[in-house]
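*Asks:* Sequence:
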Amino acid sequence: MNESQTLNAKENLKPDTRITWKKFTGHLKTILHHKHLVRKACFKAGLYRQGLFHDMSKFSPTEFWVGCRYYQGYRSPNNAEREDRGYSSAWLHHKGRNKHHLEYWIDYSLDKNGPLLVGMRMPEKYVVEMFCDRLSASKTYLKEKYTDRSALDYYIKGRTHYLLHPDSAALLEKLLNMCAEKGEDATFLYIRKEVLHNL
Numbered sequence: 598m599n600e601s602q603t604l605n606a607k608e609n610l611k612p613d614t615r616i617t618w619k620k621f622t623g624h625l626k627t628i629l630h631h632k633h634l635v636r637k638a639c640f641k642a643g644l645y646r647q648g649l650f651h652d653m654s655k656f657s658p659t660e661f662w663v664g665c666r667y668y669q670g671y672r673s674p675n676n677a678e679r680e681d682r683g684y685s686s687a688w689l690h691h692k693g694r695n696k697h698h699l700e701y702w703i704d705y706s707l708d709k710n711g712p713l714l715v716g717m718r719m720p721e722k723y724v725v726e727m728f729c730d731r732l733s734a735s736k737t738y739l740k741e742k743y744t745d746r747s748a749l750d751y752y753i754k755g756r757t758h759y760l761l762h763p764d765s766a767a768l769l770e771k772l773l774n775m776c777a778e779k780g781e782d783a784t785f786l787y788i789r790k791e792v793l794h795n796l
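Per the working numbering, numbering through the sequence shown is continuous, rising by one, with the last residue being 796.
Please note that a few of the clues may not be correct.
Unchecked claim - Quick list of the computed label-pair ranges, beta carbon to beta carbon:
#: 1; residue 1: R682; residue 2: L786; range: 24 to 34 angstroms
#: 2; residue 1: K779; residue 2: N710; range: 33 to 43 angstroms
#: 3; residue 1: R756; residue 2: T614; range: 23 to 33 angstroms
#: 4; residue 1: T659; residue 2: D782; range: 18 to 28 angstroms
Don't read these hints as lab results, they were simulated from the structure. All C-beta atoms, glycine included, are put in the ideal place defined by N, C-alpha and C.
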């Protein structure tokens, strides 16, 4: 293969980032569906304000138009942008504006002998919103393949690289495990009675 053929082959591997009507409507429907599921879950947990305002930054131009460009329908457009550009501008914008993401809580450590960056302890209401977000994302992307174990399985795949405070990780894992073993209704009852009782 000569140099010209190699360049053409690489160009053919690049995703089509044109915004089409199909990608626009698909991305918008995905966001609205996900927000609807998170709102329902947050309401079950008693987090009404968070349920209403969850992920509003996804409608900002920085996040929305990138999502349309990289929309695929079966996974987050952020992953496709990350693969194409080496980073996700939409994600960098999103994680700094939404407190239910563990990345919002990463800061410099005060421990001079430990790692430079660590996860700060998240308020319980944001850990619960993260739980609701993970359930809803699994339902959105897995569709009929979703089970009560789906969010836990996804979390387990990536937890070794999460910078999550031990207390926040323990609560999130407890909720994900409880959902996998006892179902959503029992988990939301536990959240209302034992986790958010003081809100």
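*Asks:* Checked against the structure, which of the hints given earlier come out wrong?
*Replies:* 1 and 4
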